[in-house]
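Engineer: Take these sequences, add in the hints, and give me the full structure.
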Amino acid sequence: MNNYKKLYTVSGMTCDGCVQTIGNKLNLEPEISEVNIDLNSSEMSITADKEFSINELNKIIKNVGDYKINEYKNKNIFVKILSLFNAYKPILVSLSMVIILSLITTNNDNFSITNFCRYFMGYFFIIFSFLKLLNVKQFAISFSNYDPISNKFFTYGLIYPFLELTLGVLFLSNFLMLYINFITIFIFVPQTLGIMNKLSKNEILECACVGSTFNVPISKLTITENLVMIFMAIIMILYSI
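Numbering (my numbering), first residue to last: 1 to 241.
Rather than coming from a laboratory, the hints here were simulated on the basis of the structure. Even glycine gets a Cβ: it sits at the ideal position worked out from N, Cα and C. There's no promise every hint is true.
So the derived label-pair ranges between C-beta atoms look like this [claimed, not checked]:
no., residue 1, residue 2, range
1, F130, I183, 15 to 21 Å
2, F182, Y72, 44 to 50 Å
3, F231, D49, 24 to 30 Å
4, N86, L238, 34 to 40 Å
Only pairs whose alpha carbons sit at most 25 Å apart, straight line, appear in this in silico PhoX-like list of lysine-lysine [what the hints assert, rightly or not]:
no., residue 1, residue 2
5, K89, K25
6, K5, K201
7, K25, K62
8, K220, K201
9, K201, K25
10, K137, K89
11, K50, K62
12, K6, K201
13, K198, K220
14, K89, K62
15, K73, K62
16, K62, K6
17, K59, K25
18, K89, K73
19, K68, K6
20, K198, K25
21, K152, K198
22, K5, K62
23, K5, K25
24, K5, K68
25, K5, K59
26, K50, K73
27, K89, K220
28, K137, K198
Structural biologist: Pasting the structure below:
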């Protein structure tokens, strides 16, 4: 049999539940072997033994919700960048605030790599912990979906925002630096590995890094920000030895 792979766009999706509902319904068709849907771009790829028409696909999903499958139109680079920015706006805005505050504070202090790292990590923990503290329980639920420690010990997810807040205060206070850098590595390594594992399975999960107020999916951006924190912690440890 021939395998046909085609791209479409889907309108009407608002959450991960919509993605799963559409995907599950399409996967019931014997001719369809694989369905991949991206909530942020509204793009869907279907691999099947035959080429489905738009009308056929819309008939399949007509009873599961107010969704519509459309022909895929290639977006220009500007539209793609704008789409990515809108999808990850909460993270990008928060990180921009962290960088700006770190540069201002470091400039007023004795500028050095270690000072910049210290202020960056301090502001990072404080800003992102506040977002998590808006709804601690819901954060813990989302966090446990990919963090292996929180998955086994749910209480860890409940205290995690307070741990981040404490670390932020300690970094800005320049107190217990060696210990808190090791703690930073300890908390970020497991969750980074957990995110990599979920992404390798093409699982669509909400990123808990900005709390539960914003619906931001886990992505390579989440991995990047975690790796930056791990790298900065290692630099701080090496400079303190």
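Engineer: Checking against the hints above, which ones are violated?
Structural biologist: Violated hints: 3, 5 and 14; rest satisfied.
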